[in-house]
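Single-letter residue listing:
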Amino acid sequence: MIENLDLSLVDWSRAQFALTAMYHWIFVPLTLGMAFIIAIMETIYVKTNDPAWKKTTKFWMTLFGINFAIGVATGIILEFEFGTNWSNYSWFVGDIFGAPLAIEGIMAFFMESTFIAVMFFGWNKVSKKFHLISTWLVAIGSNLSALWILVANGWMQNPVGMKFNPDTARNEMDNFWDVLFSPTAVNKFLHTISSAYILAAVFVIGVSAWYILKKTNVVFAKRSIVVAAVFGLLTSLFTVMTGDNSAREIVRDQPMKFAAFEGLYNGSKGAGLVALGIMSTSEGDGTNENMKDFHFKIEIPNMLSYMAYLDGNAFVPGVNDIINGYTDNDGEIHPPVTEKMEMGRKAIAALKAYKAAKKTDDTVGAKEAEKELKANFKYFGYGYFSDPYEVVPSVSISFYSFHIMVGLGMYFILLFVLCLVYIYKGSVVNKKWFLRMAIWSIPLAYLASECGWILAEMGRQPWVIQDLMPTMAAVSSIDSMSVIITFFLFLIVFTGLLIAEIKIMLKQIKIGPNHGGN
Amino acid sequence: MFENLSHLALQQYWWIIDSLLGSLLVFLMFVQGGQTLIYRIGKSELERTMVVNALGRKWEFTFTTLVTFGGAMFASFPLFYSTSFGGAYWVWMAILFCFIIQAVAYEFRSKPNNVWGAKTFEAFLFINGLLGTILIGTAVGTFFNGAEFTVNDFNQSKWATPYGGLEAVLNFHNVALGLTVFFLARVLGSLYFMNSIESDQIFARSKKQLLVSGIPFLVFFLFFAVRLLIMDGFAVDAQTSIVSMESFKYLHNLIAMPVVAVLFLAGVVGVLFGLVKSYLLEKYTKGIWFAGGGTVLVVFSLFLLAGLNNTSFYPSLADLQSSLTIQNASSSHYTLTAMSYVSLMVPFVIAYIVWAWRAMNSKKIDAQEISSEDHLY
Numbered sequence: 005m006i007e008n009l010d011l012s013l014v015d016w017s018r019a020q021f022a023l024t025a026m027y028h029w030i031f032v033p034l035t036l037g038m039a040f041i042i043a044i045m046e047t048i049y050v051k052t053n054d055p056a057w058k059k060t061t062k063f064w065m066t067l068f069g070i071n072f073a074i075g076v077a078t079g080i081i082l083e084f085e086f087g088t089n090w091s092n093y094s095w096f097v098g099d100i101f102g103a104p105l106a107i108e109g110i111m112a113f114f115m116e117s118t119f120i121a122v123m124f125f126g127w128n129k130v131s132k133k134f135h136l137i138s139t140w141l142v143a144i145g146s147n148l149s150a151l152w153i154l155v156a157n158g159w160m161q162n163p164v165g166m167k168f169n170p171d172t173a174r175n176e177m178d179n180f181w182d183v184l185f186s187p188t189a190v191n192k193f194l195h196t197i198s199s200a201y202i203l204a205a206v207f208v209i210g211v212s213a214w215y216i217l218k219k220t221n222v223v224f225a226k227r228s229i230v231v232a233a234v235f236g237l238l239t240s241l242f243t244v245m246t247g248d249n250s251a252r253e254i255v256r257d258q259p260m261k262f263a264a265f266e267g268l269y270n271g272s273k274g275a276g277l278v279a280l281g282i283m284s285t286s287e288g289d290g291t292n293e294n295m296k297d298f299h300f301k302i303e304i305p306n307m308l309s310y311m312a313y314l315d316g317n318a319f320v321p322g323v324n325d326i327i328n329g330y331t332d333n334d335g336e337i338h339p340p341v342t343e344k345m346e347m348g349r350k351a352i353a354a355l356k357a358y359k360a361a362k363k364t365d366d367t368v369g370a371k372e373a374e375k376e377l378k379a380n381f382k383y384f385g386y387g388y389f390s391d392p393y394e395v396v397p398s399v400s401i402s403f404y405s406f407h408i409m410v411g412l413g414m415y416f417i418l419l420f421v422l423c424l425v426y427i428y429k430g431s432v433v434n435k436k437w438f439l440r441m442a443i444w445s446i447p448l449a450y451l452a453s454e455c456g457w458i459l460a461e462m463g464r465q466p467w468v469i470q471d472l473m474p475t476m477a478a479v480s481s482i483d484s485m486s487v488i489i490t491f492f493l494f495l496i497v498f499t500g501l502l503i504a505e506i507k508i509m510l511k512q513i514k515i516g517p518n519h520g521g522n
Numbered sequence: 033m034f035e036n037l038s039h040l041a042l043q044q045y046w047w048i049i050d051s052l053l054g055s056l057l058v059f060l061m062f063v064q065g066g067q068t069l070i071y072r073i074g075k076s077e078l079e080r081t082m083v084v085n086a087l088g089r090k091w092e093f094t095f096t097t098l099v100t101f102g103g104a105m106f107a108s109f110p111l112f113y114s115t116s117f118g119g120a121y122w123v124w125m126a127i128l129f130c131f132i133i134q135a136v137a138y139e140f141r142s143k144p145n146n147v148w149g150a151k152t153f154e155a156f157l158f159i160n161g162l163l164g165t166i167l168i169g170t171a172v173g174t175f176f177n178g179a180e181f182t183v184n185d186f187n188q189s190k191w192a193t194p195y196g197g198l199e200a201v202l203n204f205h206n207v208a209l210g211l212t213v214f215f216l217a218r219v220l221g222s223l224y225f226m227n228s229i230e231s232d233q234i235f236a237r238s239k240k241q242l243l244v245s246g247i248p249f250l251v252f253f254l255f256f257a258v259r260l261l262i263m264d265g266f267a268v269d270a271q272t273s274i275v276s277m278e279s280f281k282y283l284h285n286l287i288a289m290p291v292v293a294v295l296f297l298a299g300v301v302g303v304l305f306g307l308v309k310s311y312l313l314e315k316y317t318k319g320i321w322f323a324g325g326g327t328v329l330v331v332f333s334l335f336l337l338a339g340l341n342n343t344s345f346y347p348s349l350a351d352l353q354s355s356l357t358i359q360n361a362s363s364s365h366y367t368l369t370a371m372s373y374v375s376l377m378v379p380f381v382i383a384y385i386v387w388a389w390r391a392m393n394s395k396k397i398d399a400q401e402i403s404s405e406d407h408l409y
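Line by line, the protein sequences are chains A and B.
For any residue, its number in the numbering used here is found by taking its place in the first sequence, counting from 1, and adding 4.
For any residue, its number in the numbering used here is found by taking its place in the second sequence, counting from 1, and adding 32.
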C-alpha cells in the first residue's frame, strides 16, 4: 500500500506541519485567554460605568486584534494541510476527523468572526449590553473552535468510536459521542485552554509590569494585574488538575509516550518520578541509542506510580516492558511489539486479500480475509515497522518538553500568588526585581505552551493515529521538492509576519492605553 | 430524522449544503473584488481608508466561509479533500498563500511600526483579490473539465502530472470561470461600496466600475455558460457506477432538473437587474442585494449541475474510472447523518450574521466616522 516510501518526503512533510503548527500556536493561546480577560474587564466597565475600565478594555482589545489577525493567517493553512500534505491520512480517517473540522467552522468560526466586528467597531453602533454580549461571544467562539480541533487531536491520540470498513479501506465513525466525550479529548481540551489562559495572564502581567517599572499608567497596570493574576491563579489550579488527569489517561492509552516523557526504560512497582534530570549523550541501558542515560536526576520515590494509578505501589511499564510485553495493573496482557508487528502484517495482507477477492467476486475468500483482518486490526499500524524500537518516540525530546512544561507551570503559580500578595500589600510598585521577573516570564509562558504541543505530538511518534497509522503511511504522494519549497515559503512568510506583529505590539504597548486603540 | 434517509439522499443533501457554502463564498468575494479597486475607487488617503475599512469589517465572513467550505467538504466528501488537496498541491498552496497574506493585511496596514509599510499590506490585499478569485474560479472549473489524478483500490490518490494542478490553466474554459469570478467580484465590490460608504466621489467611481468590470464579466460568463451547455460531460451509470462521456451532459442536467434551471435563470436575471439598475438610476444603492442574491443562485445551480443527476463532480482525465462522484467520495451514512444534525445550526448562524450585519451597517461609513474611530484599518 505504501510502495516507494520516500523518507525525505515524510521528514519534510513533518517539518512543514511542525513549523506551521508551532507558528500558529504562538498566537492561539493569547487569543483564547485574552478574549476572556477582555470580557471580564468589559463586564467590570459595564457594571461600574467607570470609563477607566473602558480604556483598559480597549487597550487590551487592540493587542488582542493584532494577535488575532496573525492567528487567523497561520491557522487557515493547518486545516488544508491535512489534505495537501497528509492525503492518505485524510482518506483513512477523514470520515471521523473531518466532522470536527466542519463543526468548528459552522459553530465557532462564524461566531468569532461575526461578533469580533461588533466588538471592535460596535462601541458607538450597538447598545452597551449588546456590545458586552458580543465580546463574550468572541471569547466563547474562539474557545469553541479550540474544542473541536482538540477533539480531533484527542482522537489521533486515542482513536475511539469507529470501525474499519474494508470496502472503502478506511475507518468510519460509529459513535459520535464517543469521539466527542472521549476522556482523552475532554482532558486535552480542558488542559489546553486552561494553559492558554495562563499564558494570556502572564502576558497581561508582564506588559503591566513594564508600565509600573516605567512609572506610567500605574493604576491601569495594577488593575490589569489583579484581573490577570486572579484569572491566572484559578486557571493554573485547573491546569494542574487536568494535566494530572491527562497523565493517568496517557499511561493507559499511550503507555509508550508516558514511559518516554518520564525517561522510564525499565518499569517497576512503586516507580519514582524524576522531578529534575539531565540526560547524557551515552546510551542508557544499551538496548537502543534513542534511550540515553541520565547525568543526574532527582527522583521522588513511588510518586510516578501514584501519579499514574493513584497507588504508590502500582506497576508502571517502561519502554523495554512495552517492547517485550507486560501485564498491566488490571491484569490485561500487552503482547510484545514483535507480536503486534506480526499481527499488523497479517491485517495489511488480509486487507489486500479482501480487495483481490472482491474484484474476482470470490465471496468465500473475501469473508475469510475479512475475518483475518478483524482479528488483527487492533495492531494494523504495527505492520509497517520492521524493528520494534521504531515505535519508541524520541525519549530526550519527550522528557525535556514534559519537564520544562510542568516546571514552568509550577513557576507561574508562584508568579500569580506573588502578584496578588504584592498588590494586596501595596508594595508591587517597589518590587523592581519582581516586575522584571514578570516581564521575562512572558517568553517562558510561550516556551511552556509550545513544549506541551511538542510533547503531545512528538511523544505520539511514530504514530499519526496511535497504533493504527504510522506517520510515514499518512503522507501525500507528492515529490519532496514541492514540500521543501513550501516549507521555506512558510518559514519566510510567517517569520516576516511575526516580526511585523512583534514590532506593532511593542509600539502599541509604548503608545499605551491613553491614546485609545490605534 | 436524518438516520432514516438513504445514503444517496444524505449525499445529495450534503452536496446541496456544500454548494450553498460555495455559492455564498463567491458572493462574499465582493471583499476580494473590492480589494483590487482600492486605488481605483479611493483617490485620496481618506477615501482609501474609507474603502479599506468598509471591506475590513466584512473580510472575515469571506475567510470563514472559505474555511468552513473546506471543512464541510472534508467531512462530507473526504475523498475529494484527500485527492484534490493532496494532488493539486500547487493550486491549493497558491490559494492558501493568497489568503494567509490577506488575514494580516487589514489589521497591520495602518498600524505604526508595521515594518513592511502600508503599501506592502495593500499589495497583499490586491494579490488576494486578483489571484485568490482567479485561482478559486479556475479550480472550480475542473469540476466540469476534469483533473489529472488517479485513485487506487485503497482510495489512495496520486496526481498524474508534475505540475500539481497548475496544468488546469491550459484549459481556457477553466480560466474563463476564474476570470468570471474575478470580474464578478469587482462588480459586487463596487456595488458594496455604493451601498455602504457615504461619499459622492466613491459612489461615482464605483458606478463607473460597474461598466468597466461588468462588461468583461458578462463576456467571460457567457463564454463559460454557453460552452458548458454544449460540451461533453462526465456521466455516471447509476447501476454500474461506470463513468463515461456524454454529449450535452450539463444541458441534459439542466433539463432533467427544472428547479435548477429556474434557479440558474433567476440568478442571471438577479445579477443583471442589480447591475443595470445600479448603473442607470442616479442614487440607487441596493444593487448589491440583487446581484449578490443572483450570484448565490447562479453558483449554487452550477454546483448542482456538477454533482447531481448521476454526474461526476470531480472527473479524472488521467483515468476516467477514478472520477469522483458524490457516492464514491462521500463519508459514511453515520457521519453524514451526524453532520446533518449539525447542519440544522446553519439557519441560526445565518440569522445572527444578518442581525449583526444590520446592526453594524445601519449607518453608512462616512468621513466623520473615520476621523472619530479609534480602531482603524
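Honestly, the hints are just simulated from the structure, not real lab data.
No experiment lies behind these values; they were computed from the predicted model shown.
Please note that the accuracy of each hint is not assured.
[Said to hold, decoys possible] To spell it out: a stretch of chain B is covered by chain A in this simulated footprint if at least three of its residues, at any positions, have a beta carbon under 8 angstroms from a beta carbon of chain A; those stretches are:
{"#": "1", "segment": "125–132"}
{"#": "2", "segment": "136–144"}
{"#": "3", "segment": "178–189"}
{"#": "4", "segment": "343–351"}
[Said to hold, decoys possible] Okay, derived cross-link-like pairs now, DSS-like style, lysine-lysine, Cα gap no bigger than 25 angstroms in a straight line:
{"#": "5", "chain 1": "B", "residue 1": "Lys90", "chain 2": "B", "residue 2": "Lys315"}
{"#": "6", "chain 1": "A", "residue 1": "Lys132", "chain 2": "B", "residue 2": "Lys315"}
{"#": "7", "chain 1": "A", "residue 1": "Lys129", "chain 2": "B", "residue 2": "Lys396"}
[Said to hold, decoys possible] Non-contacting residues of chain A with respect to chain B, defined by C-beta distances greater than 12 angstroms in every case (computed):
{"#": "8", "residue": "Ser131"}
{"#": "9", "residue": "Glu303"}
{"#": "10", "residue": "Ile304"}
{"#": "11", "residue": "Gly335"}
{"#": "12", "residue": "Met347"}
{"#": "13", "residue": "Phe389"}
{"#": "14", "residue": "Trp457"}
All C-beta atoms, glycine included, are put in the ideal place defined by N, C-alpha and C.
Cross-check of the supplied hints:
1. 125–132: holds (count 5)
2. 136–144: holds (count 6)
3. 178–189: Satisfied; 5 residues make the cut.
4. 343–351: violated (count 0)
5. B/Lys90 with B/Lys315: Distance ~23 angstroms between B/Lys90 and B/Lys315 Cα, so the pair holds.
6. A/Lys132 with B/Lys315: violated (34 angstroms)
7. A/Lys129 with B/Lys396: Holds, at about 11 angstroms.
8. Ser131: Violated, since 9 angstroms does not exceed 12 angstroms.
9. Glu303: The claim stands: A/Glu303 keeps its Cβ more than 12 angstroms from every Cβ of chain B (closest is about 46 angstroms).
10. Ile304: Since the minimum Cβ distance to chain B is about 45 angstroms, A/Ile304 lies beyond 12 angstroms and the statement holds.
11. Gly335: Holds: least Cβ distance 33 angstroms, greater than 12 angstroms.
12. Met347: Answer for A/Met347: holds, closest chain B Cβ roughly 19 angstroms.
13. Phe389: Holds: least Cβ distance 19 angstroms, greater than 12 angstroms.
14. Trp457: holds (20 angstroms)
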